[in-house]
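Colleague: Below, each chain spelled out in residue letters.
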Amino acid sequence: MPKRVFITGIGIISSIGNTVNETLDSLLSGRTGIGGITLFPTIHQGKFPLAEVKLPTSALLEMTGHAGERCYTRTALLGMIAAAEAVRSAGIHDIRQYRTGLLSATTVGGMERSEDFYREFLTDAGKGRLRDVMNHDCADSTDRIARHVGVKDFVSTISTACSSSANTLMTGAEMIRSGKLDRVIAGGTDAATRFTLNGFNTLMILDKGGCRPFDENRAGLTLGEGAAFLVLESEELVKREHKAILAELTGYGNANDAYHQTASSPDGAGAVMAMSLALSMSRLKPQDISYINVHGTGTQNNDLSEGVAIEQVFGDHVPPFSSTKAFTGHTLGAAGAVEAVLAVLAIRHGLVYPNLRFETPMKELHIRPETTLQKGLDIRHVLSNSFGFGGNNSTLILSKA
Amino acid sequence: MSTYINAIGNISPQKTADNHHFLEEPVSYEGSQLRSIDPGYKEFIPPDLIRRMSRIIRMGIAASKICLKEAGCAVPDAIITGTGLGCLEDTEKFLGTLIRNNEEFLTPTSFIQSTHNTVGGQIALLLKCHGFNFAYVHRGISFESALIHAMMRIENGDSKNVLTGGVDELTTPSFEIMQRMGFWKRKPMPSLQLFHDTTRGTIAGEGAAFFFLEKEKTANSYAVLKGVETLFDPAGSEEISAWISRFLAQYGLKPADISLLIPGMNGDPKQDRIYHELIDTRFAGIPLACYKHLCGEYMTASAFGTWLGAMILKYGSVPDVVAMNEPPRSLDHILVWNHYRQTHHSLILLSRV
Numbered sequence: 079m080p081k082r083v084f085i086t087g088i089g090i091i092s093s094i095g096n097t098v099n100e101t102l103d104s105l106l107s108g109r110t111g112i113g114g115i116t117l118f119p120t121i122h123q124g125k126f127p128l129a130e131v132k133l134p135t136s137a138l139l140e141m142t143g144h145a146g147e148r149c150y151t152r153t154a155l156l157g158m159i160a161a162a163e164a165v166r167s168a169g170i171h172d173i174r175q176y177r178t179g180l181l182s183a184t185t186v187g188g189m190e191r192s193e194d195f196y197r198e199f200l201t202d203a204g205k206g207r208l209r210d211v212m213n214h215d216c217a218d219s220t221d222r223i224a225r226h227v228g229v230k231d232f233v234s235t236i237s238t239a240c241s242s243s244a245n246t247l248m249t250g251a252e253m254i255r256s257g258k259l260d261r262v263i264a265g266g267t268d269a270a271t272r273f274t275l276n277g278f279n280t281l282m283i284l285d286k287g288g289c290r291p292f293d294e295n296r297a298g299l300t301l302g303e304g305a306a307f308l309v310l311e312s313e314e315l316v317k318r319e320h321k322a323i324l325a326e327l328t329g330y331g332n333a334n335d336a337y338h339q340t341a342s343s344p345d346g347a348g349a350v351m352a353m354s355l356a357l358s359m360s361r362l363k364p365q366d367i368s369y370i371n372v373h374g375t376g377t378q379n380n381d382l383s384e385g386v387a388i389e390q391v392f393g394d395h396v397p398p399f400s401s402t403k404a405f406t407g408h409t410l411g412a413a414g415a416v417e418a419v420l421a422v423l424a425i426r427h428g429l430v431y432p433n434l435r436f437e438t439p440m441k442e443l444h445i446r447p448e449t450t451l452q453k454g455l456d457i458r459h460v461l462s463n464s465f466g467f468g469g470n471n472s473t474l475i476l477s478k479a
Numbered sequence: 005m006s007t008y009i010n011a012i013g014n015i016s017p018q019k020t021a022d023n024h025h026f027l028e029e030p031v032s033y034e035g036s037q038l039r040s041i042d043p044g045y046k047e048f049i050p051p052d053l054i055r056r057m058s059r060i061i062r063m064g065i066a067a068s069k070i071c072l073k074e075a076g077c078a079v080p081d082a083i084i085t086g087t088g089l090g091c092l093e094d095t096e097k098f099l100g101t102l103i104r105n106n107e108e109f110l111t112p113t114s115f116i117q118s119t120h121n122t123v124g125g126q127i128a129l130l131l132k133c134h135g136f137n138f139a140y141v142h143r144g145i146s147f148e149s150a151l152i153h154a155m156m157r158i159e160n161g162d163s164k165n166v167l168t169g170g171v172d173e174l175t176t177p178s179f180e181i182m183q184r185m186g187f188w189k190r191k192p193m194p195s196l197q198l199f200h201d202t203t204r205g206t207i208a209g210e211g212a213a214f215f216f217l218e219k220e221k222t223a224n225s226y227a228v229l230k231g232v233e234t235l236f237d238p239a240g241s242e243e244i245s246a247w248i249s250r251f252l253a254q255y256g257l258k259p260a261d262i263s264l265l266i267p268g269m270n271g272d273p274k275q276d277r278i279y280h281e282l283i284d285t286r287f288a289g290i291p292l293a294c295y296k297h298l299c300g301e302y303m304t305a306s307a308f309g310t311w312l313g314a315m316i317l318k319y320g321s322v323p324d325v326v327a328m329n330e331p332p333r334s335l336d337h338i339l340v341w342n343h344y345r346q347t348h349h350s351l352i353l354l355s356r357v
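Top line first, the protein sequences correspond to chains A and B. Number 452 in our numbering belongs to position 374 of the first sequence; there are no gaps in the numbering. Number 44 in our numbering belongs to position 40 of the second sequence; there are no gaps in the numbering.
So that you can see chain A by itself, here it is in the shape it has in the complex (with noise of 0.2 Å):
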């Protein structure tokens, strides 16, 4: 029997809200965090929607406490706040009190500013401010979160696409069932940046006028932005410390579905595969789950797939089920971990979330998503899944504990 692993804390910061309050806030009043882009200059404005977090960076730095610094990017401020959030919801006081590790995810890291020293750089290699370029790689905002929130026993980045931060969460589990670790801050942080907007664009899967998941007519992702973080805590210690406990990680698998560098295997072999794995680790059913939050961005290849992978495992029995993209945007590195809070606030207030903007099922499926707000249930277990280029496939399962 392997070593139970409690989420005692959550935080979150993105489009609809730069707290858990307000985010639940947005989440009963069915508000979308997608809008119009203000963050950057870029030739898509008024072409592409864009879910941005409501607060210019310079606003970001004031709330960590470092206004007027200048070597925070925005991916490592957004980090910050959702991780002190999450420290300070779970009740930590000495956080050094555990051997506690921080597992953070990301995608892009500072490219936000990466991109306004190349500008320079390209036209001459003696130019561009070097304080913009030094922040790029991905563990930069990893170690400042760390130094935030004063984690110090083990400091990691994982990045796997659009994985990443469902799979720190696996690994901070991972890490607290096998003894290393006591507690595991685990979760991710992504800005929005010109570099995928133009990405996603280049393969033609960003949706004109914001996703619409698992719709017949969908056209594609809206990009978002934001960070979200829990903290897993040992068995042992949410004993010792008489805990609140806001739910358990039950259960988790990662499979690559080893088809193509970006698309989806049309019978979501991996997706299968990690699902699966999932509910046998959970020892669930799946007539179990009470609620899936799907991957579903909204591109034509995922939600086929994901779906025909739903529907395999699940058969007969497919529970509710939504992509919350359509409030959130899609928040690449963050997803899993903002997608994974969104799953403790259903089990806690008995919510299925509606899967909005959609209108028509699609053909090749037999399922189709909730599309109003459900109160009052009693969710058990949520299945979340997240899914990565390269194949990368994961899946979580929050149980009410």
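A hint or two may mislead.
[Stated by the list, open to error] Here are the simulated DSS-like pairs of lysine-lysine, each with C-alpha atoms no more than 30 Å apart in a straight line:
1) B:K258 / A:K258
2) A:K478 / A:K258
3) A:K286 / B:K97
4) B:K97 / A:K125
5) A:K81 / B:K221
6) A:K230 / B:K97
7) A:K258 / B:K164
8) B:K230 / B:K318
9) B:K221 / B:K164
10) A:K81 / B:K219
11) B:K97 / A:K205
12) B:K97 / A:K258
[To be verified] Short derived list, chain B residues pointing at chain A, Cβ under 8 Å:
13) G88
14) N160
15) G161
16) E180
Quick caveat, the hints were computed from the structure, so don't treat them as lab data. Don't be surprised by glycine CBs; every beta carbon is placed ideally from N, CA and C.
Since chain A is already given, all that's left is putting chain B on it; use the hints.
Modeller: Structure of chain B alone, referenced to chain A:
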């Protein structure tokens, strides 16, 4: 519980692609940029795919395939990679085109391949490997993070075997940027003379070193991978020294029990100071081997150091080109100690099979 290194694959600026040879003909480079020797990538990658692949992907796939071939394994159970800066060439290409063309006329290939898990994903794709697939990207401990996770999966019984490795590529823009940051030596000199040069900075390198890890030893085992640990933001040498002692004590060892220390010295007096300080005190009299004059400095250079330690244990001798003092009397335990600009230290303990 033990983890064994049962096969190896190493693409580097040295002739390391063939595991039957061990640094017999060291290659010296003039200047501060050491690039990997092309092992004949066509042997490892289908020709229609090779054109689109940047060097980091080629290096990673070639090293993986050499490693898996030696292991006699067609498809590993899990793939865990570490890379400090990931696919720089593709990132620079996409970013450069984006800026030059003002966000127009962009093609997806370099964006797709800029993702940090590209190497692991491409290996999985080529091998049709559906297993666990992770990528760590954390400066000087990217490879160590991958190793820690790989060992944990083997110890927990989650994976029967793991293909794990460290890979980074050197590009001209990244070299130029780090040159301006003062990372590299200004005056050209033969790379093999790195440790005789006292000017500031080091030399840049790259490479891909992969390892096949299993719970059971085989006739081909190189070394026992006893343990890996990292240290974040140490306050000073006392904390580092105490951490090393604590780490070794877990395996019933003291610094004096180490047969050979492989520190990550890179010829930059400022970065090497901490190694010298503890070598003169805690590790006084311990035989030393250094390697960054062979592969250059990069964020996953410790994977080359781990390759060196494993090869030394298998061959039972320390090549002259890496020996810094008297040869060890016996080879039981090798400690690979590295740090990345002092914020991240790592220890990798290898023992004789």
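Colleague: None of the hints should be skipped; say for each whether it holds.
Modeller: Against the structure, the hints:
no. : hint            : verdict
1   : B:K258 / A:K258 : 22 Å, holds
2   : A:K478 / A:K258 : 25 Å, holds
3   : A:K286 / B:K97  : 26 Å, holds
4   : B:K97 / A:K125  : 25 Å, holds
5   : A:K81 / B:K221  : 28 Å, holds
6   : A:K230 / B:K97  : 36 Å, violated
7   : A:K258 / B:K164 : 20 Å, holds
8   : B:K230 / B:K318 : 15 Å, holds
9   : B:K221 / B:K164 : 12 Å, holds
10  : A:K81 / B:K219  : 22 Å, holds
11  : B:K97 / A:K205  : 18 Å, holds
12  : B:K97 / A:K258  : 40 Å, violated
13  : G88             : 7 Å, holds
14  : N160            : 6 Å, holds
15  : G161            : 10 Å, violated
16  : E180            : 5 Å, holds
Of the numbered hints listed earlier, those contradicted by the structure are 6, 12 and 15.
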